[in-house]
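Use these hints to put chain B with the ligands onto chain A, whose structure you have.
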Amino acid sequence: MITVTFEGADGSRITTKARPGTTLMEAARAASVPGILAECGGACSCSTCHVYVAPDFFDLLEPAGEMELDLLDFAWEPDPASSRLSCQIVLNEALEGLVARVPERQG
Amino acid sequence: MKPIVIIGAGQAGLALAAKLRALGCETPIKLIGAEPAPPYQRPPLSKKYMFGELDRERLYLRPETFYAENAIELITGTCVAAIEAAEKIVVLDDGTRIAASQIALCTGADPIRLPAAIGGDLAGVYTMRNLADADAMADEFRPGARVLIVGGGYIGLEAAAVAAAKGLQVTLVEMAPRILARVACAETATWFKALHQSHGVDIREGIGLSELTGKGGRVARARLSDGSDIEADFVVVGIGVRPGVALAEAAGLAIENGIRTDAFGAASAPGIWAAGDCASFPFQGCRIRLESVPNAIDQAEAVAAAMLGQGAPYVAKPWFWSDQFDVKLQIAGLNTGHDRVIVRQGDKLGTVSHWYFAGTRLLAVDAMNDPRAYMTAKRWIEAGQSPEPASLADPAIPLKSVPLAAPQTELAEAP
Ligand SMILES: Cc1cc2nc3c(=O)[nH]c(=O)nc-3n(C[C@H](O)[C@H](O)[C@H](O)COP(=O)(O)OP(=O)(O)OC[C@H]3O[C@@H](n4cnc5c(N)ncnc54)[C@H](O)[C@@H]3O)c2cc1C
Ligand code: FES
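Quick mapping for you: the protein sequence lines, in order, are chains A and B.
So for the first sequence, my numbering puts the first residue at 1; every next one is plus one.
So for the second sequence, my numbering puts the first residue at 1001; every next one is plus one.
Okay, chain A solo, but in the shape it has when bound (with noise of 0.2 angstroms):
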């Protein structure tokens, strides 16, 4: 299992674990973590489950697709250094220990 948290913007925190191979949007879903919508359920759709990834942890991911890319420039302040869709981001051992934090709000 792996470990992740989740930063709400209001600064509070959801320690969560996760199967590998599962998405960081499905781990924050079954955590009910506020912020996170997730309304197409990972279909790299929607854009509503937009999170930053603290830095250690963003260069560890494997970069972003063009469809993930071109959603996270509409969404709520996106930022290129660290903003992802956590529907695209696959959980593995490297990853044990990573903090995302939840915008303000979505979209």
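One or more hints might be untrue.
[Stated by the list, open to error] Partial list, computed: chain B residues near chain A (C-beta under 10 angstroms): (1) A1018; (2) Q1041; (3) F1051; (4) R1056; (5) V1315; (6) P1318; (7) W1319; (8) F1325; (9) K1328; (10) K1348; (11) N1369; (12) D1370; (13) M1375.
[What the hints assert, rightly or not] Far from chain A, some chain B residues (derived; all Cβ distances over 12 angstroms): (14) P1063; (15) S1101; (16) A1269; (17) P1294; (18) V1341.
Everything labelled a hint here was simulated from the structure, so no lab data went into it.
We put the CB at the ideal spot given by N, CA and C, even for glycine.
Just chain B with the ligands now, kept in the frame of chain A:
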């Protein structure tokens, strides 16, 4: 304390229960669903799950622990047989009577089946609504198998795409003159037809199914309305759904293309609400019913707030997506009432968007592999802004630079 009873443990039912708790509601909640599985997402059933790329548990919207942790009593595999609206009594199929403080109907929709008289009850004939449907047909998806898809809507086309990608021989018949006739413009239909044909799907438009015949109770052949006859190892029927109104109708609630609700999601009897595929609601001076996940979630959350006396009128922001082969279709808005379509080529090869207008007013867009067009259109539509059509049609003008008409007052709040 009498519980809030939510009937239907699907996308809307779960969203409603979760939102009640998120808003601090402390009333007991019973979430009752006919299906054996906990609330799950349907879209992957005709996409990744059908393809075999997603495990069953990953369809579930919440882990089992969620329900206990949030004091939501999830009762699966149990059908509600009746409601007594005046007393707010919910009667289960085993006769149990539950007195509720409030009731929410989140009963979804039922797929339209082929009549038994034309072979609809033969083995090997499937509809595509539930996890059980998807599991039942999973073994049929063997390379080389011949599948007949009846109905060229999004679900039929998605099933066709999965089957073709898995190496099946796919024939799709659509009775209307073209596929997607009820939901999209001719430009979008033509585009998807070409996509499917390029993957070997045999699309036959303007052709209905006359009869399925079988061998030993199992489907084997289909006779089509043009008199032709084809062999089929199995059949997937995607000819639409009917809103799940049976309970509401029997209880005497008003029905109008679904359970009739007001802008807050209230049905026609006090303390009874409806949300999701089963409910119709006011929208821009008309009454509509939507069949989509975003609507199920947003409307259910609006109802949760209304149940607690914190409601605001639900203003739908329709959007939808579909995945076929390597194409992602994203739709913003509702195209009803459009009188022309502007085609805009995207920046990248194979990307295009179709923009629906009524006069100069932008109503909707179908964006094929073009999330920028989709996101831009969604913002414009929600803000009541319309791009100038001639500039829009010119791919040399970046979307950002397309001039906009002033917001139109008629688009403001629904009544
Ligand atoms: C194959 C498929 C693909 C789809 N793809 C997309 C897509 O890409 N994008 C999108 O936005 N939407 C898609 N949809 C539509 C989307 O899934 C629905 O709009 C959504 O599930 C509606 O949620 P709901 O809660 O209203 O209904 P449902 O999710 O259908 O839930 C209703 C539940 O109520 C239960 N129920 C009904 N009557 C009773 C009763 N009397 N007692 C107890 N339980 C009862 C039913 O068994 C069901 O489980 C798709 C649907 C299907 C079937
Ligand atoms: S959940 Fe929709 S894009 Fe991630």
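Interface restraint verdict for M1375/B against chain A (beta-carbon cut-off 10 angstroms): Holds - the Cβ of M1375/B comes within 10 angstroms of chain A, reaching about 4 angstroms at its closest.
Minimum beta-carbon distance criterion (10 angstroms), F1051/B to chain A: Since chain A brings no Cβ nearer than about 13 angstroms to F1051/B, farther than 10 angstroms, the hint is violated.
Outside-interface status for P1294/B - nearest CB in chain A farther than 12 angstroms: 5 angstroms, violated
Hinted contact V1315/B with chain A - closest CB pair below 10 angstroms: 15 angstroms, violated
Interface hint compliance - R1056/B to chain A, C-beta minimum distance less than 10 angstroms: 13 angstroms, violated
Status of the K1348/B interface restraint (C-beta, 10 angstroms, chain A): 8 angstroms, holds
Chain A contact restraint for Q1041/B - C-beta distance below 10 angstroms: 5 angstroms, holds
Restraint outcome when W1319/B is required to lie within 10 angstroms of chain A by C-beta distance: 8 angstroms, holds
Beyond 12 angstroms from each Cβ of chain A, as asserted for V1341/B: The claim stands: V1341/B keeps its Cβ more than 12 angstroms from every Cβ of chain A (closest is about 22 angstroms).
Status of the A1018/B interface restraint (C-beta, 10 angstroms, chain A): 7 angstroms, holds
Interface restraint verdict for D1370/B against chain A (beta-carbon cut-off 10 angstroms): 8 angstroms, holds
Hint status (Cβ of K1328/B to nearest Cβ of chain A, threshold 10 angstroms): 6 angstroms, holds
Comparing the model with each earlier hint shows violations of hints 3, 4, 5, 6, 8, 14 and 17; every other hint is respected.
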